[in-house]
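Start from chain W and add chains G and R according to the hints.
Here are the chains, one letter per residue:
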Amino acid sequence: MLALVGLYFVVPLLATGIFSFWEGGDRYGLRAYISLVHQRDLWDSLWMSLHLALETIAVTLVILLPAVFWMHLKAKSFKPLFDFLSVMPFVVPPIALVAGLTALYTGPSWFVGTSNFLVVPYVILALPYTYRALDVGMRALDLKTLTEASQSLGAGWGTLILRVLVPNLTSALAGAALLTIAIVMGEFTFANVLLFNTFAVYINYVGQTSATEAAALTLLSFLITWLAMLGVLLTGRGQVQLGGAR
Amino acid sequence: MSYLSIENVAKQYDGRTVLNDISLELPPGEFLSLLGPSGCGKTTLLRILAGFEHADKGRVLLGDRDISGLSANQRNMGMVFQAYSLFPNMTAADNVRFGLRVRKVDAAEQRRRVDEMLDLVGLAEHADKYPHQLSGGQQQRVALARALAIQPTLLLLDEPLSALDAKVRVQLRDEIRRIQGETGITTVFVTHDQEEALSISDRVAVMYGGDLVQIGEPAEIYQEPAHSFVAQFIGVSSVLSGQVVDADEGVIAINDMKLHAERARGFGNNENVKVFLRPEHVRLGALNGSGLPPDTLPGTVCERVFLGATTRLTIGLDAGEQVLADVPTSDASELGIGCRVHAGWDFDHARVLADR
Amino acid sequence: MSTVVRSTPAGARLRSGTKLLTLIFIGPFLLYMLAFLILPALRLFDQAFSGEHGFTLKYIAQLGQEQTVKAFVNSVVLSSVSSLVGLVVGGIVAYLILRPGAPRGLRSMVTSFSAVAANFAGVPLAFAFVSTLGSLGMVTVWLKSLGVNLYASGFSLYSVTGLVIVYAYFQIPLMVIVIAPAIEGLRREWREAAENLGASSWTYWRHVGLPILLPSLLSSYILLFGNAFAAYATPYALTSGILALVPVEISNVLSGNVMLSPQTGAALSLGMIGVMVVIMLIYVVAARRASRWTRQ
Chain W
1 MLALVGLYFV VPLLATGIFS FWEGGDRYGL RAYISLVHQR DLWDSLWMSL
51 HLALETIAVT LVILLPAVFW MHLKAKSFKP LFDFLSVMPF VVPPIALVAG
101 LTALYTGPSW FVGTSNFLVV PYVILALPYT YRALDVGMRA LDLKTLTEAS
151 QSLGAGWGTL ILRVLVPNLT SALAGAALLT IAIVMGEFTF ANVLLFNTFA
201 VYINYVGQTS ATEAAALTLL SFLITWLAML GVLLTGRGQV QLGGAR
Chain G
247 MSYLSIENVA KQYDGRTVLN DISLELPPGE FLSLLGPSGC GKTTLLRILA
297 GFEHADKGRV LLGDRDISGL SANQRNMGMV FQAYSLFPNM TAADNVRFGL
347 RVRKVDAAEQ RRRVDEMLDL VGLAEHADKY PHQLSGGQQQ RVALARALAI
397 QPTLLLLDEP LSALDAKVRV QLRDEIRRIQ GETGITTVFV THDQEEALSI
447 SDRVAVMYGG DLVQIGEPAE IYQEPAHSFV AQFIGVSSVL SGQVVDADEG
497 VIAINDMKLH AERARGFGNN ENVKVFLRPE HVRLGALNGS GLPPDTLPGT
547 VCERVFLGAT TRLTIGLDAG EQVLADVPTS DASELGIGCR VHAGWDFDHA
597 RVLADR
Chain R
603 MSTVVRSTPA GARLRSGTKL LTLIFIGPFL LYMLAFLILP ALRLFDQAFS
653 GEHGFTLKYI AQLGQEQTVK AFVNSVVLSS VSSLVGLVVG GIVAYLILRP
703 GAPRGLRSMV TSFSAVAANF AGVPLAFAFV STLGSLGMVT VWLKSLGVNL
753 YASGFSLYSV TGLVIVYAYF QIPLMVIVIA PAIEGLRREW REAAENLGAS
803 SWTYWRHVGL PILLPSLLSS YILLFGNAFA AYATPYALTS GILALVPVEI
853 SNVLSGNVML SPQTGAALSL GMIGVMVVIM LIYVVAARRA SRWTRQ
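Chains as they are written, first to last, in our numbering: chain W, 1 to 246; chain G, 247 to 602; chain R, 603 to 898.
Keep in mind that the hints were calculated from the coordinates and are not lab data.
Some hints could be false.
Claimed, not checked - Where chain R lies over chain W, by a calculated footprint (3+ residues, C-beta under 8 angstroms): (1) 14 to 21; (2) 62 to 73; (3) 190 to 204.
Glycine included, every Cβ here is placed at the ideal spot set by N, Cα and C.
Excised from the complex, chain W in its bound form (with noise of 0.2 angstroms):
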């Protein structure tokens, strides 16, 4: 069973790859590759979305790390309505929502006519799948042990998060903080519609004309992301949690 599963996953990225060697009639070889390396703005769009991954990341952990510790520590109540929320970025879709954001935030210019905009978006794209990590990671702690024992060692809430809590919580962490690398890779709505050139946006870009190219970087890119995100999760000891959104 599994066998064929894993055929059906393998074929396609298997015929994208023949494709991306052919160099017309009945030539193979690297041409679309090399003439890739080459391409600047390849290199600038993977770096784009990189940091917006990164940043998309840090963000995230801001504003979720410290509000899912309180609700598990003390205000149980809120859960309803943070599960609630986790699921909304599904109920609104994004191409409704980038819509939505454009026609309410038009400034401060120097924010949102940068790419760094795509902040915004991205961390409730990424939401579901990094508040579900996180909500499962704290889950499995005893974390009013975990602050009272800080607590009475004399430690202040900052202390608290970032020397207790963080360091037990690292394979959710990692889980949520690959989840999103590779939804910000991946993402292509907000980007194209908001005109910034993300790497998935220019991978659309080279389609429209070289298709060997792209298929190439297609190929690429699904073995890069899926190389990192192996060797997160070996040196992670198999720890890492990839849990979903429920």
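Chains G and R only, in chain W's frame:
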């Protein structure tokens, strides 16, 4: 012919020997405890009986039938787990009914049996509660009822009380014994708590490092440990090192002091031995000018622990080792810390075992 | 952050302090959601109902147009079917890799692959499938060599059926990720107890395993549905707007392919939200029934 026979069962995990040539026989209706520290193999043995693990060597016979090859769902045994015993999505009654449904027992008979079993464990009024509404002790009782409902050939209990509060533990273990007595089911009970094992079993099998170290009735295990591990694991013991001086006369030397020890007969001369003493068997007397009585060792009182009717004194022997002695509290008042005493014991009560 | 000094009895001090702390900890998150999710959504409401002269229902009425209805039907069918495929196949895959006997490496590999594949949507995915099942795709050609003419028998990658096959590529992995914790929550003891009482594998699943998993299965299905329903990049890249699907219609309207009308876009968006709300309600009712035994 015994009811349950375990013949030369062995098992390895990743090169590590978990069970080493275990053989055991149970007559019908016996309550046997498998007792030992974590990692000794007792749970593995139980799971082999249940069919969840398979032995690398040896076989298991029920009556004269070799059941080693049967899968778990064909063995008709009842098992109670340490935790998560009950199906969370079913009421207590439905849990108990489960095995009967699988066997396609007719509805009226199902109802009768379920009622009977819940009555037996005293939870008839809780029949319609879900597991998360029941306390830990109640859950384990339902698990017991569920296991018994199918009238199993063997009842297997895997540390069923370990996850419960101390008080509930004591209550429930007596209940289990009572129920087992009433139903007469052959039972294997795994535990690491020796008090549990000694109080409710017909026989206790002590396991250590994958070996079956000793098997016998509780009193025998307690009073006649055949192995140094058993002597130390069961109850409290003081250990003294010594050497056999005269095997025929039964004389041993502990740090150059010669003592009689009946049990020393049967060893070779100059053999190193260990002497195991239980605190209740050590007799103390104040050391005064009249010298050391025969067959005693001199020492000083280092510690006193008040235990109620008795007080446990730790005696630091002049020779270096320590001995624990339980003394009636009324007598202990004369023996304060720093007091010089002599410690002696009945020869019969000193267990002498080879120093391995 | 200030240090909490525990010199006074905790009760009195904490009560007034707690409210403030709650605000500090939870406030930013709630504020963020309000500003960047709730308000934009409300803006859509506002837009959908406002014409040049104020409140109007004409944009909402446009939802009844044949083209629009077709788009909604297509979207719902596509989402339900692809989610079902994801549910069943993904559920089985998740179980197979999480079983006690499964090799450790397999699990890491599948989980990491799933995380990437679940977000592979868009141009890359479209591309990959055109290379595979397009009219000149590798598999299509291969089948032709075996005598099977895929496109002649009516199949097209650019139809709802074709899209289901494509969507499965990210639905199945998403399911694996989402259902994994629930499957891990199935205690070994339950399986063994069932076996011990004489149950076969099937009996266990029917009476214990699946009932326990049901709430998670339902919520996973909803997640998958929402995911498929909102998908925009993939169908657009594949069909260039030919096939009627709601997200594609919205983008057409917003970027002027048909006509520039943000209010129509807003109305369509509201329609989408409406469908999702209905689905959620069905889910809530079903979930309550399925998890009766946890809340009794």
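For the segment 14 to 21 of chain W, do at least 3 residues have a Cβ located nearer than 8 angstroms to some Cβ of chain R? Result for this restraint: holds, n = 5.
Whether chain R covers the segment 62 to 73 of chain W (at least 3 residues having a Cβ closer than 8 angstroms to its Cβ atoms): holds (count 8)
Please verify the coverage claim for the segment 190 to 204 of chain W: does it have three or more residues whose C-beta sits within 8 angstroms of some C-beta in chain R? holds (count 5)
Checked against the numbered hints above, the structure violates none of them.
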